[in-house]
Structure formats: structure tokens, C-alpha cells
Amino acid sequence: NAGVTQTPKFRVLKTGQSMTLLCAQDMNHEYMYWYRQDPGMGLRLIHYSVGEGTTAKGEVPDGYNVSRLKKQNFLLGLESAAPSQTSVYFCASSPGTGRFLNYGYTFGSGTRLTVV
Amino acid sequence: AQRVTQPEKLLSVFKGAPVELKCNYSYSGSPELFWYVQYSRQRLQLLLRHISRESIKGFTADLNKGETSFHLKKPFAQEEDSAMYYCALSGPRGRGGSNYKLTFGKGTLLTVNP
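These protein sequences, in sequence, are chains C and X.
Plus 4 on top of the position in the first sequence (first one is 1) and you've got the working numbering.
Plus 868 on top of the position in the second sequence (first one is 1) and you've got the working numbering.
Hints listed in this document are in silico derivations from the structure and should not be mistaken for laboratory results.
It is possible that some hints are incorrect.
Heads up, incomplete: computed chain C residues facing chain X, CB under 7 angstroms, no partners named [as the list claims (entries may be wrong)]:
id, residue
1, Pro43
2, Gly108
3, Phe111
4, Leu117
5, Thr118
Computed from a prediction, not measured in an experiment: that's the story for all the values here.
Ideal Cβ placement from N, Cα and C applies to all residues, glycine included.
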């Protein structure tokens, strides 16, 4: 009954380093999303996926890449971290079809990333 | 373009007082509206969906299409209601991920004082 699991929970990176954030869901959801949460900015969509093997850009995609090789996993990559990417990152998933369409998103617990 | 506006960054009330968190939206069509709550350093949780017309933890929200608003209300605030509240909007039902991208407001931090 895990829902959406994000790893790691915390990370400190130096400018220019790379890392990958992992999101895993066990609800067989079709759609998955990556958001970043910044004070006074709310949540902004980075990338999303409507199914295995598909990805699309959201509102703030620059500096990030994603992959959805397996339906249950959605990876967010930072190739060359910058201080502007210091944020809390949330992954979410939602059903694609069926009677649970409008039950909203299920969110992970977040990854707090600091880039120094 | 779809947009969600929460005009108050901060809202402070006393325990037992009524509370109203404002949400206005911009969308050409019939959107789906949601309220999410985030308690201190926890994940976001779905609080309400306009489509279900439900009341959760004493909160209600009515979609007013004429005023394009979806304000969240509770008649008697409790200390445990202190949290960040986000109003969110998505497109109507249908296939395709774009109809399920949630656009969030910037949030309102509610503090209920004893």
C-alpha cells in the first residue's frame, strides 16, 4: 500500500553535478508527473508522462530530462545542476481512464534538493 | 491559457472562527477544480473535488461558474487545519494527458490560532 514513493528524500549537490530522482508508483496509474515547489510560486509542472515510453514538457522543463521506461517508474534527471534548481520536487500519478478519472493526483512525499 | 489565482498568501484566524480561502480561475470551457492540503513538511493530499460535492473535515467548496471561483470554506476553524492549501484546475474528462495536467495556484498558508 505504498502509493507513490520518491527517492532520495534529501540531497545536496554541487553546481555542475548530475543526479537522478526516482519516482515509483504501485497503483497501475497511466499518468505520472514531476512538479517543483518553490516558496511563493506554488507547484509548477516540469515534465509529465501519459504512459510507458512517453514523456512531454510541462511549464518549466529547462535543465531537466525524464524517462518512463517502465509504467511504474518515472525518472527525473538533472544533467548539470544549478543553484536555481534548489527546490522541493514532487512526483504524482493519476489514472488515465476509467471511473477513477477525477480522483485527483496521488503525490509522493517529496525530495528536498539543495544545489550549492 | 488556464490560470488559478489564490489572492491571499497568508490567512490567520482564531480557533472557532469561520474561514474562507479564495480561489479564482481562468479557463475557456468546463474545468475540474480541486483543493489540495499540505500539512507541515508532508505530501500534498487531495481535500476536495468539485465534481463530488463532498464535505471533508468540515470543509466545503462550491464552484461558481459565473464568478469563476471555487472558494474553500469552513464554519469553525480548528488548530489542526493549519496548513498550506492549494487550489488546482484541470481540463474536463477525456483521453490524453493534457486534460489531466493540474495547474496549481500559489497557495494560501492558513494559520489557526488558539
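Results of checking the hints against the structure:
no. : hint   : verdict
1   : Pro43  : violated (9 angstroms)
2   : Gly108 : holds (4 angstroms)
3   : Phe111 : holds (4 angstroms)
4   : Leu117 : violated (15 angstroms)
5   : Thr118 : violated (15 angstroms)
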